[in-house]
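Residue numbers (this note's numbering), protein chains in the order written: chain L, 14 to 127; chain V, 53 to 451.
Calculated directly from the structure, the hints in this document are not laboratory data.
None of the values given here were measured: they were computed from a predicted structure.
Among these hints, one or two may not hold up.
As the list claims (entries may be wrong) - Computed cross-link-like contacts, DSS-like style, restricted to lysine-lysine with a CA-CA straight-line distance of at most 25 Å:
1) K29/L - K272/V
2) K337/V - K22/L
3) K272/V - K146/V
4) K22/L - K194/V
5) K161/V - K22/L
6) K18/L - K204/V
7) K18/L - K185/V
8) K22/L - K146/V
9) K412/V - K29/L
10) K146/V - K161/V
11) K79/L - K161/V
12) K18/L - K161/V
As the list claims (entries may be wrong) - Counterexamples of contact, computed for chain V against chain L with all Cβ distances above 10 Å:
13) D109
14) I270
15) G439
Claimed, not checked - Output of the computed footprint for chain L on chain V, the stretches with three or more beta carbons under 8 Å from beta carbons of chain L:
16) 218-226
17) 254-265
18) 414-425
Built from N, CA and C at the ideal position, the CB exists for glycine as well.
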Amino acid sequence: MADDKNRPKAAMDFIKGDTDAAVFLGNPHIDNLMSIVIAIGAEIWADRQRSRIIEHLLETKGKVTKAMIEQYVPTEEQKTAWADERDTMTKRVYGVLARDTSNARPFGEPRDFK
Amino acid sequence: MLDRRTLMGVGAAVTSAFSFFTGRKAYAKTTEPKVLPAGTLAPRGRFGRMERLASLDLESRQDFLMSFRTWANSDLSRAAQQRADAILAAKGLKKDVDMSQADAVALLKDDPVIQTSTRAWISCQQLSWNGLKEEFEGNADKYLSELEAAEKLGPGKLELNPTYPWPDYVKHEIHIQPGGYVGNEFAGHMYHYGTNGFYTGRNQNDELHVGSANNMPIPKDGKVLRILDVGTGIGQLAMALKERFPNAEVWGIDAGAPMLRYAHLRSVERGLDVNFAQRLGEDSKFPDGYFDIVTSYIMFHEVNPEGTKAQVKEAMRILRPGGVFYPLDFKLTGAPRWTPYAQYRRWWDHRWNNEVWTMKFRQNGLPDIIRQAGFDLNEKEPELLKGFGILNATKPAQA
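Using the sequences and the hints, build the whole thing.
Structure, rendered in structure tokens:
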């Protein structure tokens with residue numbers, strides 16, 4: 014936050030929720046891992062977006078600067094194509110979370126291989 | 053439309069700006085940035101009415117989280133639904149069996165797919181808020197400067213009341229937004245970008261609010277001089293109503309001062325003469341019979357039962373005879389019976405997404421409260437927003 018303590022402020026005290034402490038997966042560290050894998054997906058997608066913009070700028074302008082990347086406004090065609098790529102990546106990477114695990118076997122369960 | 057860096061330049065030279073900013077035509081003359089504070093990035097333009105987030109990385113991460121949220125709400129939720137159906141079937145129960153919420157939660161909460169679905173959704177929500185919080189708090193000086201510059205400008209007014217005894221029910225972190233609507237200086241910023249993710253990017257031009265405003269019923273005599281949007285948040289409906297009724301005096305009130313500061317910033321940018329005040333819907337401070345229309349946008353499900361009754365009573369007081377009261381919110385009638393899985397989802401939305409008052413909203417009989425306050429209530433038309441409830445109330449001429 015800004016250092017200037019004389020600055021007008023508008024926020025007041027609030028009632029904090031406790032969702033940060035929620036455990037859904039039996040172990041808070043496993044819950045953390047879920048957040049981590051989603052966050053990594055977001056980081057990968059950010060790099061992917063940047064790559065797509067750089068590729069496009071190099072193809073069309075022959076050069077690229079940080080400002081050109083940051084200011085780039087995708088065309089409608091690019092928006093559609095990149096949204097499709099993003100959604101496909103989401104399904105490809107995370108689809109396994111939706112698999113039916115009702116036949117899961119315990120690690121120590123023996124199996125009589127023939 | 054003003055650019056926010058332009059606004060900061062104007063704020064730095066506010067004396068001359070006061071005389072400059074007196075109407076919409078004056079705004080059109082100020083589109084060239086005047087001052088870019090050292091260290092700030094040049095603005096990245098807009099998507100519709102939304103200023104683009106400050107960096108490509110942040111924008112891309114939010115974009116991804118929106119995609120993940122959509123997938124979690126579709127494929128992953130369907131997988132969880134199928135597991136719920138299988139669990140019920142194993143007990144010889146139909147998937148739409150009538151079951152208490154407590155029983156539904158107890159039955160379904162330990163299934164791995166259902167747990168994973170819930171965890172993934174909540175994690176996504178947390179990541180989205182945390183990313184936005186990091187940006188706005190990490191660049192607080194810049195964003196606060198924009199708010200401060202806008203506060204010196206009109207055409208609309210901004211009134212804050214920090215010493216009012218605000219009730220606790222407004223202080224929760226609804227949707228687990230950090231600090232909720234009242235407790236973070238950047239509540240309005242976070243709400244705007246966060247809820248755009250809720251709307252899967254389809255509200256960049258406030259489309260849902262504009263549509264709702266355009267469908268708003270008006271008094272039978274056609275007179276619309278004053279309009280109030282209660283729980284206005286960042287003023288999206290209030291501004292849309294101003295666009296539909298440009299000659300009306302439009303007010304938006306809310307408990308959240310940071311939300312209102314951001315609403316005012318947006319109204320200044322767009323040159324819309326909308327007044328924002330930090331007041332409660334149950335204690336609005338307006339005179340009797342002042343308004344022709346009193347409305348709200350998906351607000352009542354975030355109000356406690358006592359506040360709900362008091363707000364309806366206040367709406368009756370401040371509307372003139374023949375005035376319209378339309379609290380737009382979730383559908384309370386005609387909804388299909390809740391399956392055990394839907395009951396489970398409703399539970400975690402309440403408990404872990406911090407939808408604190410929604411369950412009580414669904415039970416509190418808002419239509420009856422409206423009738424008991426003396427309104428004539430039409431629950432058939434018009435529908436402001438597709439799939440949402442219809443509560444078109446009129447203050448009788450003799451009230």
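Checked hints:
Our distance criterion of 25 Å between C-alpha atoms is broken by K29/L and K272/V, whose separation comes to about 45 Å. The suggested pairing of K337/V with K22/L holds, with an alpha-carbon distance near 23 Å, which does not exceed 25 Å. Note on K272/V and K146/V: the hinted pairing is violated, with a Cα-Cα distance of about 49 Å set against a maximum of 25 Å. A hinted pair counts as satisfied when its Cα atoms are at most 25 Å apart, and K22/L with K194/V qualifies at roughly 14 Å.
For the suggested pair K161/V and K22/L, the alpha carbons sit about 42 Å apart, so the restraint of at most 25 Å is broken. Distance restraint check for K18/L and K204/V: the Cα-Cα separation of roughly 20 Å lies within the 25 Å cut-off, and the hinted pair is therefore satisfied. Distance restraint check for K18/L and K185/V: the Cα-Cα separation of roughly 20 Å lies within the 25 Å cut-off, and the hinted pair is therefore satisfied. The suggested pairing of K22/L with K146/V is violated, with an alpha-carbon distance near 54 Å, which exceeds 25 Å.
Restraint check for K412/V and K29/L: satisfied, since their Cα atoms lie roughly 20 Å apart, inside the 25 Å limit. With a C-alpha separation of about 18 Å, the suggested pairing of K146/V with K161/V holds against the 25 Å cut-off. The suggested pairing of K79/L with K161/V is violated, with an alpha-carbon distance near 48 Å, which exceeds 25 Å. Between K18/L and K161/V the alpha-carbon distance is near 47 Å, which puts this suggested pair outside the 25 Å criterion.
Not every CB of chain L lies more than 10 Å from the CB of D109/V, the least distance being 5 Å, so the non-interface label is violated. Under the 10 Å C-beta cut-off, the non-interface status given to I270/V relative to chain L holds; the minimum distance is some 33 Å. Distance check for G439/V against chain L: the nearest CB is about 23 Å away, which clears 10 Å, and the non-interface claim stands. Here's how the stretch 218-226 of chain V fares: 5 of its residues keep a CB closer than 8 Å to some CB of chain L, so the rule of at least three is met and the hint holds.
Look at the stretch 254-265 of chain V against chain L: 0 of its residues bring a Cβ nearer than 8 Å to a Cβ of that chain, fewer than three, so the hint is violated. By the rule of at least three residues with a Cβ nearer than 8 Å to a Cβ of chain L, the coverage given for the stretch 414-425 of chain V is violated, with 0 such residues.
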